[in-house]
Amino acid sequence: MTPVNPMVDRVATVVDLDHVSVAFQRPVLRDVSLHVAPAETVAIVGESGTGKSTLLRLMLGLQPPDRGAVRVMGADVNGIDRESLRALRAKVGMVFQGAALFDSLTVFENVAFGLREAGVLSEEAVRERVFETLALVDLDPAQIAQTLPAQLSGGMRKRVGIARAVAPRPALLLYDEPTAGLDPLTSATVTDLMERLQRELHVTSVVVSHDIRAMLRIADRVGLLRDGAFVFLGAPEAMRASAEPYTQAFLAAA
Amino acid sequence: MVMLPSSAHVRRLIQTAVLSLQDVLLLTWQTLRVFPGGRGGAHRLLAQLDAIGVRSVPIVLLTGLFTGMVLALQASVQLAPFGATLFVGRFVAASMLRELGPVLSGIMVAGRVGAGIAAELGAMKVTEQLDALQTLGAEPVRVLVLPRVLAAAAAVPILALIADAAGLAGAALVSSAYLGVPLRAFWGAAVDQIILDGFVAGLIPADLVQGLVKPFVFGLILSLLACYHGLRATGGTAGVGVATTRAVVSASITILITDYFLTQLLLVLV
Chain A
4 MTPVNPMVDR VATVVDLDHV SVAFQRPVLR DVSLHVAPAE TVAIVGESGT GKSTLLRLML
64 GLQPPDRGAV RVMGADVNGI DRESLRALRA KVGMVFQGAA LFDSLTVFEN VAFGLREAGV
124 LSEEAVRERV FETLALVDLD PAQIAQTLPA QLSGGMRKRV GIARAVAPRP ALLLYDEPTA
184 GLDPLTSATV TDLMERLQRE LHVTSVVVSH DIRAMLRIAD RVGLLRDGAF VFLGAPEAMR
244 ASAEPYTQAF LAAA
Chain F
18 MVMLPSSAHV RRLIQTAVLS LQDVLLLTWQ TLRVFPGGRG GAHRLLAQLD AIGVRSVPIV
78 LLTGLFTGMV LALQASVQLA PFGATLFVGR FVAASMLREL GPVLSGIMVA GRVGAGIAAE
138 LGAMKVTEQL DALQTLGAEP VRVLVLPRVL AAAAAVPILA LIADAAGLAG AALVSSAYLG
198 VPLRAFWGAA VDQIILDGFV AGLIPADLVQ GLVKPFVFGL ILSLLACYHG LRATGGTAGV
258 GVATTRAVVS ASITILITDY FLTQLLLVLV
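Residue numbers (our numbering), protein chains in the order written: chain A, 4 to 257; chain F, 18 to 287.
Derived from the structure by calculation, the hints contain no laboratory data. Cβ atoms here follow ideal geometry from the backbone N, Cα and C, with glycine treated the same way. There may be inaccurate statements among the hints.
[To be verified] Partial selection, computed: residues in chain F whose CB lies under 7 Å from chain A: (1) 148; (2) 152; (3) 153; (4) 155; (5) 253.
[Said to hold, decoys possible] Here are the in silico distance ranges between beta carbons for each label pair: (6) A:15 <-> F:34: 30 to 38 Å; (7) A:187 <-> F:274: 52 to 60 Å; (8) A:187 <-> F:251: 28 to 36 Å; (9) A:126 <-> F:256: 36 to 44 Å; (10) F:52 <-> A:131: 30 to 38 Å; (11) A:29 <-> F:286: 53 to 61 Å; (12) F:34 <-> A:187: 48 to 56 Å; (13) A:15 <-> F:37: 42 to 50 Å; (14) A:29 <-> F:253: 16 to 24 Å; (15) A:122 <-> F:46: 24 to 32 Å; (16) A:22 <-> F:253: 32 to 40 Å.
[Claimed, not checked] Just a sample of chain A residues kept apart from chain F, beta carbon distances all over 10 Å, derived: (17) 36; (18) 78; (19) 149.
Sequences and hints are given; from them, build the entire structure.
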């Protein structure tokens, strides 16, 4: 089995999960450790119900661990006060599985939401940033800005979700199943978009996905979860060459 | 054979009720803590005043109008044997201002708005929009709960006044058209009733104080319970349906129970 310790310099890490365990009715994550370096893209893959999305919720402070520590950009997510957590979350972008766009707001208002909440930019600067970000995700701002999410296709909703997450220019970007429910062509487009965003924005990314082929292409490291623990965590090439039986079976099934 | 609930079942029910009450009180405290709502608060409040208040006017208007018309007919049946049909206005004024205006407005708004709030927040919960709010640096209680609670607390008393006015107008119409009570006599009797019930601080009619305090409390109750059930929705669209039903049922029952205790309290105080 490939060693789980990624051997990343901890001082220079953006995300640190140390021996984290979470259980609901049953154990979901068991003694998981993960360290993500700046500008690195780590993909977490695995079967449904293995705790992939819980990892992201831990990083956002939406779910406290039963054991272990979660630090994001050096801050203990569960040990800081409400205001500090709010400030920390402002530096983290999250792309949700179903996009989670606010139904009652237009595309423009959705993408502007985080910027307006932060209250740093003027309304004119917010408008500029929203248009620039929509163009970045290959959407025509003039055409789409005043549209409601219900009027968009699945692929467009996903892109607006990505735009909303990257508009505040976060230091860390979390993706929860970014290609789930999309047709193969749209799925490939979204994967290309993620790759391009990494290249252009140099943002640290953690991607939870079932799409192992896409992840092997865009990730610097891939972690394979089984029953709440990593059975593999390493470079894509190492994963392809791994002799670990479950890893081999997972790759073969993809 | 009738099966009586076991003591364990009763204990579980009481536990659930106490825990729910604790959660609602916690939500109330969290809502107070984020008052007045920060950036964009005024805009969100105005939007909710429109959704909760302005858009409830037609339903409250109709409810008040027909309730007043029925009250006039029923009152005439009771008063006619004593030759007191001319006093229909007093009967309707007391009933509408003190009880029916506030309670009917509260229940109608709980049905229309409470269901809407619970469904909207429930849908946001099951589609991860509440998580998205938090990740974008916004607290759901501040941006969703507070404006709805403030808007309901402000709007329901005004809606109750509208129901009162519509009820009196409907009763006046029926009285003059079917009961032979001249409009002047109807309104004279109604005003007499308000004067007879006294004034608070020598200025505000006591009936009006009751008619405003009650719907203010009902507005708080229905909005907090609707938000509470919406925010707790689980299990996809079916869960949203369950949350909506619970919001309407719990708000309606709580309004009726609270009305009794509020009436007792206000009869002593006012």
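Verification of the hints:
no. : hint                        : result
1   : 148                         : holds, 6 Å
2   : 152                         : holds, 4 Å
3   : 153                         : holds, 4 Å
4   : 155                         : holds, 5 Å
5   : 253                         : violated, 11 Å
6   : A:15 <-> F:34: 30 to 38 Å   : violated, 52 Å
7   : A:187 <-> F:274: 52 to 60 Å : holds, 57 Å
8   : A:187 <-> F:251: 28 to 36 Å : holds, 32 Å
9   : A:126 <-> F:256: 36 to 44 Å : holds, 38 Å
10  : F:52 <-> A:131: 30 to 38 Å  : holds, 33 Å
11  : A:29 <-> F:286: 53 to 61 Å  : holds, 55 Å
12  : F:34 <-> A:187: 48 to 56 Å  : holds, 51 Å
13  : A:15 <-> F:37: 42 to 50 Å   : holds, 48 Å
14  : A:29 <-> F:253: 16 to 24 Å  : holds, 21 Å
15  : A:122 <-> F:46: 24 to 32 Å  : holds, 26 Å
16  : A:22 <-> F:253: 32 to 40 Å  : holds, 34 Å
17  : 36                          : holds, 23 Å
18  : 78                          : holds, 15 Å
19  : 149                         : holds, 17 Å
This entry does not satisfy hints 5, 6, going by the numbered hints stated previously.
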